[in-house]
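These protein sequence lines are chains A and B, in that order.
Heads up: the first sequence begins at 1 in the UniProt record's numbering, then just goes up one per residue.
Heads up: the second sequence begins at 1 in the UniProt record's numbering, then just goes up one per residue.
Don't take each hint at face value.
Calculated from the model, a selection of chain A residues having no Cβ within reach of chain B, i.e. all distances over 10 Å [stated by the list, open to error]: (1) 27; (2) 244; (3) 648.
With a Cα cut of at most 25 Å, we get these calculated DSS-like pairs of lysine-lysine [unchecked claim]: (4) 43(A) to 28(A); (5) 626(A) to 576(A); (6) 245(A) to 165(A); (7) 650(B) to 626(A); (8) 638(B) to 239(B); (9) 232(B) to 245(B); (10) 650(B) to 648(A); (11) 417(A) to 345(A); (12) 439(A) to 403(A); (13) 239(B) to 165(B); (14) 710(B) to 484(B); (15) 659(B) to 626(A); (16) 626(A) to 648(B); (17) 650(B) to 650(A); (18) 650(A) to 648(B); (19) 661(A) to 626(B); (20) 626(B) to 659(A); (21) 648(A) to 626(B); (22) 381(A) to 439(A); (23) 626(B) to 648(B); (24) 710(B) to 697(B); (25) 661(B) to 626(A); (26) 626(A) to 638(B); (27) 576(A) to 659(B); (28) 165(B) to 648(A); (29) 239(B) to 650(A); (30) 659(A) to 576(B).
To be clear, the hints were calculated from the coordinates, so they are not data collected in a lab.
Even glycine gets a Cβ: it sits at the ideal position worked out from N, Cα and C.
There are 2 protein chains.
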Amino acid sequence: MLENRHYETLAPLFNPKGIAVVGASESKYKIGYLQVQALIDGKFTGEIYPIHRTATEIAGLRCYPSVSEVEGEVDLAILCTSANQIEEGIIDCAKKGVKAVIIFAAGFSETGEEGIAQQQRLAMLARQHGIRIVGPNCVGLVNTSNGLIGTFSPAILMVPTDGKKGVGYVSQSGAFGVLTYMAAAQNGILFNYFVSTGNEMESEFADFIEYMIHDEQTQIITGYMEGARDPKRLLALAKEALKRKKPIVLMKTGRSEAGSQAAASHTGSLAGADNIYDAFFRQAAIVRADDYDDIISFSKLFLANKLPKGRNTVIVTSSGGRGINEADRCESLGLHVVPLSEETKAKIREDIPSYASATNPIDLTAAASVTNPELFLAPMKALTEDPDVHNIIFTEFPHNWTKEMPILQEFISLCEKSDKFVCVTTFEIEGMTYPPATKTLVEHGIPVISGSLNPIRALSKLVTYAEQYRGQFDEVAEQEIFLKQEIDALIAGQEMLSEAQAATVLQAYGIPTTNRVIAMDVEAAKAVSEQMGYPVVMKVDSAQIPHKTEADAIRLNLQNEAEVQQAFHEIMQNAKNYCPEAIINGISVQEMLGEGVEMIIGAQRDPLFGPVIMVGLGGIFVEIFKDVSFRVAPLSRKDAVDMLEELKGKALLHGARGKVKVDTEAIIDVLLRVSSLMMDHDQIEELDINPLIVYEKGVKAADAMMALKKVEENVVVGGLTDVQ
Amino acid sequence: MLENRHYETLAPLFNPKGIAVVGASESKYKIGYLQVQALIDGKFTGEIYPIHRTATEIAGLRCYPSVSEVEGEVDLAILCTSANQIEEGIIDCAKKGVKAVIIFAAGFSETGEEGIAQQQRLAMLARQHGIRIVGPNCVGLVNTSNGLIGTFSPAILMVPTDGKKGVGYVSQSGAFGVLTYMAAAQNGILFNYFVSTGNEMESEFADFIEYMIHDEQTQIITGYMEGARDPKRLLALAKEALKRKKPIVLMKTGRSEAGSQAAASHTGSLAGADNIYDAFFRQAAIVRADDYDDIISFSKLFLANKLPKGRNTVIVTSSGGRGINEADRCESLGLHVVPLSEETKAKIREDIPSYASATNPIDLTAAASVTNPELFLAPMKALTEDPDVHNIIFTEFPHNWTKEMPILQEFISLCEKSDKFVCVTTFEIEGMTYPPATKTLVEHGIPVISGSLNPIRALSKLVTYAEQYRGQFDEVAEQEIFLKQEIDALIAGQEMLSEAQAATVLQAYGIPTTNRVIAMDVEAAKAVSEQMGYPVVMKVDSAQIPHKTEADAIRLNLQNEAEVQQAFHEIMQNAKNYCPEAIINGISVQEMLGEGVEMIIGAQRDPLFGPVIMVGLGGIFVEIFKDVSFRVAPLSRKDAVDMLEELKGKALLHGARGKVKVDTEAIIDVLLRVSSLMMDHDQIEELDINPLIVYEKGVKAADAMMALKKVEENVVVGGLTDVQ
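Please model the entire structure based on the sequences and the hints provided.
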């Protein structure tokens with residue numbers, strides 16, 4: 001069955017020798033007519049076989065009553081028939097040995113349970129016969145290189161099929177797909193492949209990503225995603241794509257979706273679906289596009305075949321206002337509008353008039369765009385020679401430059417010889433044409449993008465992609481499997497662990513925790529405190545009281561026997577009042593930890609992504625500022641490093657406010673161990689280490705909460721009853 | 001002289017009876033020709049007098065050798081001549097009694113000192129003769145209502161002068177001005193006034209804002225600003241505009257400008273130019289546009305003549321993906337995509353098929369846009385009846401609705417009868433036409449905006465404007481002037497106050513500070529501590545050591561005489577080591593304050609805005625998260641309330657994490673008192689109260705830093721020398 005889904009089995013979808021159009025029609029207003037005509041107009045390079053029960057000819061092509069009666073080879077069938085005719089269509093295709101089918105019809109899984117069942121049945125049927133399927137309920141599939149316009153979409157049919165290719169596109173939304181296809185074409189980018197995946201009956205989004213990763217013609221893979229089916233597979237594909245320097249650029253909607261569950265842990269309550277997607281995209285080096293025009297702009301930049309070497313960006317403009325505006329955008333999007341070196345400034349000043357500015361942004365004034373175009377050359381030359389400059393944004397390309405002007409040739413030659421990333425921008429006004437000479441720039445691989453947001457946003461993303469490409473992926477750190485059976489036994493049948501039980505699990509994974517002893521009575525508590533040394537901390541230990549502060553069942557900084565005695569009684573009493581039915585294991589007596597930086601490390605098992613690991617600065621930072629960072633387990637060392645790097649308050653780890661620099665290596669180590677723990681033990685649903693106290697050397701988990709998979713009602717829950 | 005600059009003196013600029021075009025030309029490639037032709041083509045309703053030394057006729061109009069020789073009335077002269085001919089032009093105009101002049105020529109203040117001097121001389125000349133001037137170095141002025149196309153800009157000349165008016169526009173950038181003018185026209189909005197202010201020789205940006213505030217035709221005032229000349233005046237104008245429900249919408253560049261000075265205080269280092277502008281715009285209820293298309297979208301929404309009643313927003317769409325995408329944008333821009341009431345959902349479900357969604361965003365599926373347009377009506381009706389819904393975004397208006405369809409009439413009638421703010425969106429693809437029926441919508445005052453960012457960003461800003469309009473402005477709180485002379489005496493001749501001196505100033509303004517006594521020797525320190533009660537705090541008191549922690553010259557929580565004695569010596573020693581030349585006033589012995597919420601309140605005298613007040617959460621929050629908020633002094637109570645409301649960590653003031661709710665009234669009181677202090681004492685350059693400890697009841701300034709205007713070198717600086 002696996003071989004059935006190998007990416008090469010999708011080849012007949014994209015490069016069929018013969019296509020049968022089932023449900024071909026002579027009526028110009030039917031999909032069956034539009035589809036046949038689309039293949040003819042697209043100059044499809046293979047054979048086209050209209051299938052119609054009775055007609056002998058449609059659109060000048062010979063008709064066949066069924067697919068199985070076609071004499072020639074048929075790799076692909078496009079079913080233009082309605083939902084109730086799909087089954088017989090597939091059976092007919094199977095008879096002929098057709099390898100791939102596109103189904104437009106709606107009326108399947110989107111209509112409810114019956115439709116879902118029907119869809120599953122058809123998928124099974126297709127798999128039995130080794131048929132790959134696109135759809136149902138989709139707009140179709142296009143390969144602009146061989147004229148396979150496998151769609152009825154009037155908008156796509158309007159778009160001519162010549163243009164700059166190399167961009168593949170897969171969409172889980174028909175509407176966004178068509179929109180993006182059109183907008184890209186108007187921007188001079190013709191997708192080489194376009195796939196609308198529809199209900200994904202048999203093939204899914206990632207299948208097409210995989211196909212395009214292995215396809216030589218595709219240089220960049222783009223798409224619109226509503227949800228990933230199998231993030232692990234997508235991650236593996238993304239790694240392969242990064243290796244091959246093929247960016248995957250996806251627009252993913254649903255950013256504002258609230259977290260789906262009422263979670264017991266902080267981690268759970270912060271791990272909203274979009275936070276995880278966002279983290280996952282970063283982890284997988286998938287470029288997240290903000291909108292369809294972001295996809296187009298990024299593609300334009302990437303097709304320039306040069307990766308930016310860094311974030312240092314210089315703006316060259318003929319409008320001061322525009323220059324400042326672009327500089328603002330650069331800074332807010334993480335590009336550095338660096339000051340120029342004295343040497344570079346001196347070079348520029350030699351050739352520009354005194355009223356022009358040689359600082360970044362370089363403003364050559366309207367004179368440059370109207371009367372003295374040569375003013376642009378000196379700065380361009382100086383910048384391409386400056387090793388500290390990585391990117392040059394030439395803002396608002398002049399309208400009066402023409403193909404024939406020597407200065408244009410000089411400009412192009414400067415760009416071509418340089419390792420700087422050069423991007424040219426123009427105004428974006430509907431109906432206002434691009435400056436004529438920009439066409440020549442594009443022919444020479446210099447990207448031209450209109451607008452002020454689009455080019456800079458895309459450049460910023462390309463710089464990040466370049467960094468990821470240079471960094472590549474890390475191997476996932478293999479952690480020892482610690483006492484797996486013992487832990488399984490400890491957590492079996494429980495829904496929540498007490499703090500002491502959770503600490504035992506952490507210890508088994510080599511995560512340092514505070515010394516603690518469960519005291520069953522006052523005398524034991526005193527003895528333990530004596531042995532441990534004052535001051536001590538005392539807390540109730542009960543799986544049913546995960547929020548000990550709320551229950552007022554925790555006492556810090558106890559200095560002597562008398563305080564221990566009083567604390568013991570108070571905690572017991574408060575715990576019982578708070579939750580009379582709680583099973584209290586005893587009072588946990590713990591060493592009082594010294595001051596350090598408080599962090600939180602947590603994990604949450606997401607239904608789609610599996611275990612997700614979180615790190616944040618503790619206390620107020622997590623509760624009010626939500627300053628946390630996520631990655632999907634298993635973590636590599638680089639993932640853990642990146643997580644800390646993403647914290648806004650990371651300066652606190654590096655000795656801000658006169659404090660010591662703390663042991664970030666130890667934090668990374670805990671993150672990797674928590675990742676292993678979650679990978680090894682499916683039963684653990686949620687985990688908070690809060691706080692994890694971080695010192696100049698080492699860390700200690702001062703408290704821990706662990707929630708397990710809900711057990712069946714009829715399983716008896718074991719545990720101590722009240723021990724006093 | 002003041003009357004000279006009254007806004008009514010600008011009337012001849014906009015509504016002249018006769019215009020002289022100085023430097024009129026017969027050569028089609030000269031500005032002097034373009035300008036005459038522009039007035040003719042624009043069908044200017046007054047007289048046009050071309051001025052040319054020798055020609056008798058230009059473009060069919062009678063020519064005059066000089067302005068003063070024209071027989072008819074000339075209110076306005078447009079000088080198409082070059083810089084060196086401007087002076088004689090003004091003199092000639094003065095002779096004739098011309099009231100206003102537009103100067104295109106460059107070559108003045110932008111070229112350096114000589115140009116500045118020349119420009120000032122001409123401004124003086126103009127003022128002497130009561131002539132108002134636009135420019136020089138500008139694109140001109142347009143009034144589309146009377147055909148006064150006072151510009152040579154080829155782009156503007158291309159734009160027809162019919163369209164929806166009511167939007168005035170003023171620009172400090174010629175390029176952005178022309179761009180915005182064109183883009184607005186293409187979006188169906190024709191500016192009634194367009195002014196390019198150029199070098200602002202005589203009239204400035206705010207003059208035109210003021211004129212438009214008093215102009216009946218102008219409903220909304222927009223513009224592009226590089227910098228305000230007089231923020232106080234702009235604030236006063238903004239207040240007047242808000243009263244008249246005329247939004248001022250400005251694009252202001254320079255967001256990323258770094259703070260201009262190396263400041264001694266936290267406040268100073270955080271008060272970057274753009275932070276202040278941003279705060280100022282909010283304070284003045286000026287809408288800050290992100291880009292020129294933001295201006296256009298906001299104008300479209302505002303011209304619908306309905307203000308949104310709140311933030312609750314419902315999206316109605318035929319594309320699930322698009323709906324989710326818009327919902328994301330709404331949430332990220334502060335609009336609430338609220339769940340619908342059961343009642344509303346039930347009403348909607350009655351009339352839509354089961355596969356459509358009655359939750360917000362309401363997805364009616366492609367069926368609604370293709371075959372069943374009536375599906376849109378039921379949700380629209382139910383939503384307009386729901387009191388909890390404030391705004392309805394109808395996303396992606398169908399292409400197949402026509403003017404004649406009864407459903408369109410019903411849709412319009414629903415919108416017109418409702419108090420909901422309805423905004424219709426369409427896709428934004430170059431060359432893709434707006435759906436035909438949207439024209440009818442616009443005729444009925446329903447705004448239609450293309451794109452996914454623009455409509456929602458503008459709606460969010462309009463909601464904020466509506467809130468400001470309903471709230472209006474507060475009177476600035478008058479504070480008593482406290483001991484002005486004593487304070488003046490205290491700070492005279494100093495550059496920096498010691499903490500004790502700064503505390504004295506704060507106390508004089510009724511700001512609670514910690515009890516403190518300056519001890520000159522150890523015995524005094526002990527006696528003071530005894531009297532004050534242990535524990536105490538001790539700090540060096542020296543104007544030259546504002547950063548006491550850095551100097552290790554501060555000791556907290558001293559419990560007894562012995563500790564006080566040791567602390568005294570250590571602090572003295574450390575202070576001397578840290579800054580041997582410091583004048584040490586003694587050791588400040590202070591009460592040790594109880595725990596509370598630490599805040600920072602500060603002030604900074606900005607060269608343009610004058611005193612700027614800052615508030616933030618103290619410690620880490622200000623240093624790492626920069627969670628602060630600014631307003632320009634004098635503050636009203638509402639300003640102070642808004643400042644606290646803007647803090648991300650404001651939850652900490654309202655009893656987050658099980659802590660008590662603290663006394664926000666007391667914080668507001670300190671803000672108002674600091675505002676008065678800064679207004680009363682020009683000498684104070686910077687002030688940090690850091691920390692201000694806030695309790696359940698009351699506040700205390702635990703430390704203060706005050707920097708004064710630099711004194712002249714030859715003034716003798718007084719003060720105690722080392723006292724030990």
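Here is what the structure says about each hint:
no.	hint	in the structure
1	27	17 Å, holds
2	244	29 Å, holds
3	648	6 Å, violated
4	43(A) to 28(A)	19 Å, holds
5	626(A) to 576(A)	33 Å, violated
6	245(A) to 165(A)	17 Å, holds
7	650(B) to 626(A)	14 Å, holds
8	638(B) to 239(B)	14 Å, holds
9	232(B) to 245(B)	20 Å, holds
10	650(B) to 648(A)	18 Å, holds
11	417(A) to 345(A)	21 Å, holds
12	439(A) to 403(A)	9 Å, holds
13	239(B) to 165(B)	23 Å, holds
14	710(B) to 484(B)	20 Å, holds
15	659(B) to 626(A)	18 Å, holds
16	626(A) to 648(B)	11 Å, holds
17	650(B) to 650(A)	21 Å, holds
18	650(A) to 648(B)	18 Å, holds
19	661(A) to 626(B)	21 Å, holds
20	626(B) to 659(A)	18 Å, holds
21	648(A) to 626(B)	11 Å, holds
22	381(A) to 439(A)	22 Å, holds
23	626(B) to 648(B)	10 Å, holds
24	710(B) to 697(B)	38 Å, violated
25	661(B) to 626(A)	21 Å, holds
26	626(A) to 638(B)	28 Å, violated
27	576(A) to 659(B)	24 Å, holds
28	165(B) to 648(A)	47 Å, violated
29	239(B) to 650(A)	42 Å, violated
30	659(A) to 576(B)	23 Å, holds
The structure is inconsistent with the numbered hints 3, 5, 24, 26, 28 and 29, although it conforms to all the rest.
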